[in-house]
Amino acid sequence: MSKIPVYFMPGLAASPAIFERIQLDESVFEMCLLEWEIPHPKEALSDYALRISKKIKHENPVLVGVSFGGILVQEIAKHIQARKVIIISSVRSNIEFPKRMKIGKTTKAYKLIPMKLILNIESLAKYSFGEKVNKRIKLYEKFLAVRDLNYLQWAVESVILWDRNKVDENVIHIHGDKDEVFPIKYINSCIVVKGGTHIMILNKYKWLNENLPSIILED
260 MSKIPVYFMP GLAASPAIFE RIQLDESVFE MCLLEWEIPH PKEALSDYAL
310 RISKKIKHEN PVLVGVSFGG ILVQEIAKHI QARKVIIISS VRSNIEFPKR
360 MKIGKTTKAY KLIPMKLILN IESLAKYSFG EKVNKRIKLY EKFLAVRDLN
410 YLQWAVESVI LWDRNKVDEN VIHIHGDKDE VFPIKYINSC IVVKGGTHIM
460 ILNKYKWLNE NLPSIILED
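Counting from 260, one number per residue, gives the positions in the sequence shown under the working numbering.
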């Protein structure tokens, strides 16, 4: 029996290293990691998804996406035949966005986000925010792969302006009940991970390692 190819797409600007603790049985699954590329000027999300889909070398793969990567794999699935689409810490439509994101779309407030400050982690780390925040900054520094201003502006705008307004019931959604970016109260239906935050791919990896195989294999 041939192995089931499982392609993983990280979250916004993140490195595929966020999946370093995810382990699937190598006799059953073949793990493949996708990476962000710099978008072309004014590139539509659907065109970007088509471009990334060319990196997928297997037929009928399972697509797994985290956060913005979850949005992207749903767009990729428009271009290729996918065995299954699984999103983690993400949304299945813009209806599930929190109010602040909906307001951001209307007011275009997302254009005011200081992207340069977000990218300049080293300068943030010079200030003492306390042990917990400094740990988060170190984690952020380790897993932030794309430090390109154009990418970041494009990515934030692509999320805010995502035009899918109907949930695809075939997309499997895994979500933490403590997610601070996409609060669970706005999510229609999902597999709930108790205590899972927006970065549960890093700290709830044991739950994912135990449950992902059966979720993938389920008919």
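Treat the hints loosely; a few may be bogus.
[Unchecked claim] Okay, derived cross-link-like pairs now, DSS-like style, lysine-lysine, Cα gap no bigger than 27 angstroms in a straight line:
1) K425 to K453
2) K364 to K453
3) K358 to K262
4) K453 to K358
5) K370 to K301
6) K343 to K437
7) K301 to K314
8) K370 to K343
9) K358 to K425
10) K313 to K437
11) K425 to K367
12) K401 to K425
13) K437 to K314
14) K337 to K364
15) K313 to K262
16) K361 to K337
17) K444 to K465
18) K337 to K314
19) K364 to K301
20) K465 to K343
21) K343 to K313
22) K437 to K425
23) K367 to K316
24) K337 to K262
[Claimed, not checked] For each label pair, taking beta carbons as the anchor points, the in silico distance ranges come out as:
25) E302 to K425: 17 to 27 angstroms
26) L371 to E285: 19 to 29 angstroms
27) E469 to R342: 40 to 50 angstroms
28) D306 to K370: 13 to 23 angstroms
29) K444 to R423: 15 to 25 angstroms
30) L371 to C291: 31 to 41 angstroms
31) L371 to K316: 23 to 33 angstroms
If you are wondering where the hints come from, they were derived from the structure by calculation, not from laboratory data. Built from N, CA and C at the ideal position, the CB exists for glycine as well.
Structure-based check of all given hints:
1. K425 to K453: holds, 26 angstroms
2. K364 to K453: Violated. K364 to K453 sits at ~30 angstroms, over the 27 angstroms cutoff.
3. K358 to K262: Distance of about 42 angstroms is beyond 27 angstroms: violated.
4. K453 to K358: Status holds; Cα separation ~23 angstroms.
5. K370 to K301: holds, 15 angstroms
6. K343 to K437: holds, 25 angstroms
7. K301 to K314: holds, 21 angstroms
8. K370 to K343: Violated - the C-alpha atoms of K343 and K370 are around 34 angstroms apart, more than 27 angstroms.
9. K358 to K425: Distance of about 17 angstroms is within 27 angstroms: holds.
10. K313 to K437: At roughly 35 angstroms apart (the allowed maximum being 27 angstroms), K437 and K313 break the hint.
11. K425 to K367: Distance ~22 angstroms between K425 and K367 Cα, so the pair holds.
12. K401 to K425: violated, 35 angstroms
13. K437 to K314: The hint is violated at about 33 angstroms.
14. K337 to K364: Judged against 27 angstroms, a Cα distance of about 24 angstroms means the pair holds.
15. K313 to K262: holds, 20 angstroms
16. K361 to K337: holds, 24 angstroms
17. K444 to K465: holds, 24 angstroms
18. K337 to K314: holds, 15 angstroms
19. K364 to K301: Answer holds: K364 to K301 is near 17 angstroms, not above 27 angstroms.
20. K465 to K343: holds, 21 angstroms
21. K343 to K313: The given pair, whose Cα atoms are some 18 angstroms apart, holds under the 27 angstroms limit.
22. K437 to K425: Holds - the C-alpha atoms of K425 and K437 are around 24 angstroms apart, at most 27 angstroms.
23. K367 to K316: With a Cα-Cα distance of about 38 angstroms, the restraint between K367 and K316 is violated, given a limit of 27 angstroms.
24. K337 to K262: holds, 23 angstroms
25. E302 to K425: 17 to 27 angstroms: holds, 24 angstroms
26. L371 to E285: 19 to 29 angstroms: violated, 46 angstroms
27. E469 to R342: 40 to 50 angstroms: violated, 21 angstroms
28. D306 to K370: 13 to 23 angstroms: holds, 21 angstroms
29. K444 to R423: 15 to 25 angstroms: Holds: the Cβ-Cβ distance is about 20 angstroms, inside 15 to 25 angstroms.
30. L371 to C291: 31 to 41 angstroms: Holds, at about 37 angstroms.
31. L371 to K316: 23 to 33 angstroms: At 40 angstroms between Cβs, range violated.
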